[in-house]
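Colleague: Each chain is listed here by its residues.
Protein chains: 2
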Amino acid sequence: MDMQLPLLDRLFAAGLLIDTGVDGLYGRSGAFEDVITRFEAVIDSLGGVDKPEAIRFPPGMNRAHFEGSGYMKSFPQLAGTIHSFCGCELDHVSLLTCMEEGKDWTGQQQATDIVLTPAACYPLYPTIAKRGALPAGGGLFDLQSYCFRHEPSKEPTRMQLFRMREYVRMGKPTDVVAFRQDWMERGTKLMESVGLPVEIDVANDPFFGRAGKMYKNNQRNQNLKFELLIPVNANAGPTACMSFNYHQDHFGKTWGLTTEDGETAHTACVGFGLERIALALFKHHGLDVNEWPAHVRQTLWG
Amino acid sequence: MDMQLPLLDRLFAAGLLIDTGVDGLYGRSGAFEDVITRFEAVIDSLGGVDKPEAIRFPPGMNRAHFEGSGYMKSFPQLAGTIHSFCGCELDHVSLLTCMEEGKDWTGQQQATDIVLTPAACYPLYPTIAKRGALPAGGGLFDLQSYCFRHEPSKEPTRMQLFRMREYVRMGKPTDVVAFRQDWMERGTKLMESVGLPVEIDVANDPFFGRAGKMYKNNQRNQNLKFELLIPVNANAGPTACMSFNYHQDHFGKTWGLTTEDGETAHTACVGFGLERIALALFKHHGLDVNEWPAHVRQTLWG
Chain A
1 MDMQLPLLDR LFAAGLLIDT GVDGLYGRSG AFEDVITRFE AVIDSLGGVD
51 KPEAIRFPPG MNRAHFEGSG YMKSFPQLAG TIHSFCGCEL DHVSLLTCME
101 EGKDWTGQQQ ATDIVLTPAA CYPLYPTIAK RGALPAGGGL FDLQSYCFRH
151 EPSKEPTRMQ LFRMREYVRM GKPTDVVAFR QDWMERGTKL MESVGLPVEI
201 DVANDPFFGR AGKMYKNNQR NQNLKFELLI PVNANAGPTA CMSFNYHQDH
251 FGKTWGLTTE DGETAHTACV GFGLERIALA LFKHHGLDVN EWPAHVRQTL
301 WG
Chain B
1 MDMQLPLLDR LFAAGLLIDT GVDGLYGRSG AFEDVITRFE AVIDSLGGVD
51 KPEAIRFPPG MNRAHFEGSG YMKSFPQLAG TIHSFCGCEL DHVSLLTCME
101 EGKDWTGQQQ ATDIVLTPAA CYPLYPTIAK RGALPAGGGL FDLQSYCFRH
151 EPSKEPTRMQ LFRMREYVRM GKPTDVVAFR QDWMERGTKL MESVGLPVEI
201 DVANDPFFGR AGKMYKNNQR NQNLKFELLI PVNANAGPTA CMSFNYHQDH
251 FGKTWGLTTE DGETAHTACV GFGLERIALA LFKHHGLDVN EWPAHVRQTL
301 WG
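From first to last, the protein sequence lines stand for chains A and B. For what it's worth, the working numbering labels the leading residue of the first sequence as 1, then goes sequentially. For what it's worth, the working numbering labels the leading residue of the second sequence as 1, then goes sequentially.
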């Protein structure tokens, strides 16, 4: 294969990703999925020892919870709301006429109670708050879901629909910060065990507009978010394949999450961008998993 | 637990499903997910012998492909289009003001190029057509994805976001019909092997409006779709946990799918409603998997 081709084209040609005609929306081959399954098993073997509570939310969340999260303040351009046809038979006739004439038929679609999940942990905070105060020692949760971000791109690392695996810690600030620190070390070792070069840096999130600069400066100055970066795309900087977020009391205050002592809980999350990690593995070790280095195959397939 | 409570409330109380505040949108516990994982492994052991090509699409599909599929003619009320904020900074200020005042802020959201997948196989047909004529013997594909249907309900078997596993056969009419017949027998045996009572009947799809009655009659009179039904909800008829669809040349004509001889390909699909099957298992064998009958545990966990 022509190694000068962009990575996305090589992934299409190898059949690992499947073009759907929309940038950032791809089918995955069985081989691609197997890499993600095996990498998740390695995550399990690291994170399972802490006995997290596993919860799997679907790829959509309660719109009221989304509205309460503050996401539309920071990243309005990335969110996806789900809309449906709520009309009568006559409206349906107009809609079909509109479609036949190739006109925009989506204007009459009405917002449902569901929005696409922007990050795997967003549905978790209101769910756990509803249970009452956290138990002694706080909480630890294991999540994974498809997430949506409206940012069409030909960089395969920037998908519109992708999976995020997360661990979320809730409790006292010291416990939450220690959890994040621990995973920064675990994540680095994990990536080294599959032969990927990493660096960790403060995050560079795409906050919206001029007001967003304030959020970004705050996030960077207070070291609220770190990213584990791996070079994947040739013509861009390294790709954030994990992130380590300390939310302080943001979600605790928003949802009334409290520790057993009645203090506002602090929260942190560690996220794995599963498609990005798979892409990093294909980029560094080649598009044929059978030719990956023996130690990498050993870590993933045992 | 009070067995008189509705199944959904018992599932919430047992922690198997997690209330999100929206009917038909639930979190799943680790135990619930494990049942689905194990059931899928049993499906694999049956369907894997035919060596299908595995493809995994994300829960959204190309809107143009969705429009071409004809879904909006039959089930406009169930579809979900994805909309995003595409405005400038001033628009953002208005949007946030709207949200703060508790007004509807979704009116300015614009349709993206993506809609939620209504059935796991919808993204497949245009994808395979792009490859050119089918190879000798036709094609066989293994799919699974989250699907969306806008039908809020307190029946746990009627979720808005749920997973569908599918096998899809493309080729000559005789091969396609034989595939469907084969899976009607396999499906019946499969459900019996996990201790579930089944019947098979012609389908009863919720086609929209008066014009939809014609589609429904056509579907029933021509035996185009069968369902494998299992009693799950106490106050409703049995639940369709699998379906067996013969599309004749509908998708073949729509997407230009051809056999190696240049004939329009026929297609059929077999779908498993994974959450519905898990719910049937919990309903019939109890909410604690450790107390399920030994032969059921043996089939699922080996």
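It is worth saying that the hints were derived from the structure and are not from the lab. It is possible that some hints are incorrect.
Claimed, not checked - To list a few chain A residues with every Cβ distance to chain B over 10 Å, as calculated: (1) Gln109; (2) Ala133; (3) Thr174; (4) Gly209; (5) Ala234; (6) Pro238.
Stated by the list, open to error - Cut-off 30 Å, straight-line C-alpha distance, at most; resulting in silico cross-link-like pairs (DSSO-like, lysine-lysine): (7) B:Lys154 / B:Lys213; (8) B:Lys154 / A:Lys103; (9) A:Lys103 / A:Lys172; (10) A:Lys253 / B:Lys103.
For every residue, glycine included, the Cβ atom is placed at its ideal position computed from N, Cα and C.
Colleague: None of the hints should be skipped; say for each whether it holds.
Modeller: Consistency of the hints with the structure:
no. : hint                : result
1   : Gln109              : violated (5 Å)
2   : Ala133              : holds (18 Å)
3   : Thr174              : holds (28 Å)
4   : Gly209              : violated (4 Å)
5   : Ala234              : holds (25 Å)
6   : Pro238              : holds (24 Å)
7   : B:Lys154 / B:Lys213 : holds (26 Å)
8   : B:Lys154 / A:Lys103 : violated (36 Å)
9   : A:Lys103 / A:Lys172 : violated (55 Å)
10  : A:Lys253 / B:Lys103 : holds (23 Å)
Hints 1, 4, 8, 9 from the earlier list are contradicted by this structure; the remaining hints agree with it.
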